[in-house]
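Input sequences plus hints: build the corresponding full structure.
Keeping their order, the protein sequence lines are chains A and B.
So for the first sequence, full-length UniProt numbering puts the first residue at 1; every next one is plus one.
So for the second sequence, full-length UniProt numbering puts the first residue at 1; every next one is plus one.
Calculated from the structure, these hints are not laboratory results.
Predicted model, so just to flag it, every value in this text is computed and none were measured.
Careful: at least some of the hints might be erroneous.
[As the list claims (entries may be wrong)] Facing chain B, from chain A, some residues (calculated, C-beta under 8 Å):
no.: 1; residue: 81
no.: 2; residue: 143
no.: 3; residue: 144
no.: 4; residue: 146
no.: 5; residue: 149
no.: 6; residue: 161
no.: 7; residue: 165
no.: 8; residue: 176
no.: 9; residue: 189
no.: 10; residue: 191
no.: 11; residue: 200
Ideal placement from N, C-alpha and C gives every residue a C-beta, glycine not left out.
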Amino acid sequence: MGCYCSTSKKTEAQGYEEPTILSSETPCEYHDPSLNVTVSEVEALHELYKKLSNSIVEDGLIHKEEFQLALFRNKNKKNLFADRIFDLFDLKRNGVIEFGEFVRSLGVFHPNAALEDKITFAFRLYDLRQTGFIEREELKEMVLALLHESDLELSDDMIETIVDKTFSDADINGDGRIDQDEWKAFVSKHPSLIKNMTLPYLKDITLAFPSFVIRTDIEESEM
Amino acid sequence: MKKVRRKIGKYEVGRTIGEGTFAKVKFARNSETGDSVAIKIMAKTTILQHRMVEQIKREISIMKIVRNPNIVRLHEVLASQTRIYIILEFVMGGELYDKIVQQGKLSENESRRYFQQLIDTVDHCHRKGVYHRDLKPENLLLDAYGNLKVSDFGLSALTKQGVDLLHTTCGTPNYVAPEVLSNRGYDGAAADVWSCGVILYVLMAGYLPFEEADLPTLYRRINAAEFVCPFWFSADTKSFIQKILDPNPKTRVKIEEIRKEPWFKKNYFPVKLGEDEQVNLDDVRAVFDDIEDQYVAERSEITEGGPLIMNAFEMIALSQGLNLSPLFDRLQDNVKRQTRFVSRKPAKVIISSIEAVAESMGLKVHSRNYKVRLEGVSANRVGPFAVVLEVFEVAPSLFMVDVRRATGDTFDYHKFYMNFCAKLGNIIWRPAGTMPNSNLLKQMTL
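Encoded structure:
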């Protein structure tokens, strides 16, 4: 589908899209949440994107190692959850995050994004095998990953108890897995579950990247 | 198997999200609208025992009067046979206090933004003759958009002057103006301004301007406004804070004057307020008018609050891999390893062990609701050092203690953590067969 516009500007990296198009574009084949960022926010995000995408491989695309470097200051540090986020950001499933994908995906984390979209994104994040449900074994795998990350060891019995307790609370119909409606009800009861889904930085992003503020001044004087 | 949910009126009640001296706060959902709320629950017996009926009634009425987008909104008041329920707006972003604890000091721009919202809110209330009197970061919440929400504006007077000052902030009155401490008659507006100044200092420094082990010294320093600005405060910031933390309430800068200060005016956008609507106090009257006539049963429920219960998804949310903030904040001093441990001891034993070990290491200890803040000077004496620990129940008789660096050098923190855990050894649980020193050794080689 013709969802992406090609640009003739040679100076821009591959995958660059005009900020006005990105900020006003309606959802297309990827079933994106509607964009919640303004033109100036898109341009500021581009400053950030350039830093991230050229930190290791200078090709203007964010690779997994560059993503890990940005999050952990260590390009080789593996993390199940960071991998899941990378995979969800990589809308084209081609192993890199392009700028358009970056803006669309971060839109869910904007303070103005709909709560529904944050809840849905978190559900897809935790649905490790993309079956449309959060399975009990998936939850156990994630708990083990967190314990490993924290250098903690618990007996299998303890882990089963933790998972059982959570499932008894979340799995309302008792079918052994959490569907999207159950997830929505569960998050409503425990809103701190999606606290990671909001980045206040996105509202202040023009302050975080002063070089863009200067650029804005220049543009305004040219009008 | 459908789970039975507890209901109060139209509200489905969830977990406990906070506790104070006189009240417990629970998360709940309005089953008619789906909106999230916080319910502050007070026992009628407690209210009667402390002769607080008129006081609470007045303060709740005040809270209805001071409607403002930056103040936690009071929806309604309900009562059962034994309890009063105050239905408040739920604020999703948590306490500003926790943000400082996790991040350490904030940038000047970020601090200024919160301070601007705080001043606007306090001024709005002062214009209606309402003074907070207990401003501190724990009463400042953040909504999902990162905006400030002042809580307990109408309920702060539940802290009586004098004796109860000892309970305002972990037992020390760090945010209270000097004239309040001396129990003279005082101007509520000037006192609130002082507290705002202390809050601004805390936001930008990451620690308190007045902090002493003994109360007499603390009182002396507050009365003399004896504080030092850290080196990272700009000259403008120092000058601005000194005008606010003026021990003489008559010469202390006023809110109108604060608004004219260049430091304050940078990137300042006042909030537009809507029309004042009619305030209906009928529900407050209905709840409180008959409370003193009510027969109070002799048996009172003694419900001691425990640590917050953490479910599996809340554990997962602790992962560094789910925190995208480092993408935006490259100045962030990243702790390389997560630091937390597990214990099977009772939660109170965990807390008392943490306190004892910290004191033996010469640290100052502040405990509140299964959260402990430890403060000291870093090994190389460069600056202040602070750590926060919080106990969570993850399964019956199984607790996870999350340990986070609040301020100070990363290297100092890791040395501290290893030393601290070695001393705590007896309460830290490890699987059978694991040698006590193996985890420590494993960490040291990383």
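Here is how each hint holds up against the structure:
{"no.": "1", "hint": "81", "result": "3 Å, holds"}
{"no.": "2", "hint": "143", "result": "5 Å, holds"}
{"no.": "3", "hint": "144", "result": "10 Å, violated"}
{"no.": "4", "hint": "146", "result": "5 Å, holds"}
{"no.": "5", "hint": "149", "result": "6 Å, holds"}
{"no.": "6", "hint": "161", "result": "4 Å, holds"}
{"no.": "7", "hint": "165", "result": "6 Å, holds"}
{"no.": "8", "hint": "176", "result": "12 Å, violated"}
{"no.": "9", "hint": "189", "result": "5 Å, holds"}
{"no.": "10", "hint": "191", "result": "5 Å, holds"}
{"no.": "11", "hint": "200", "result": "3 Å, holds"}
In this structure, the hints that do not hold are numbers 3, 8, in rising order.
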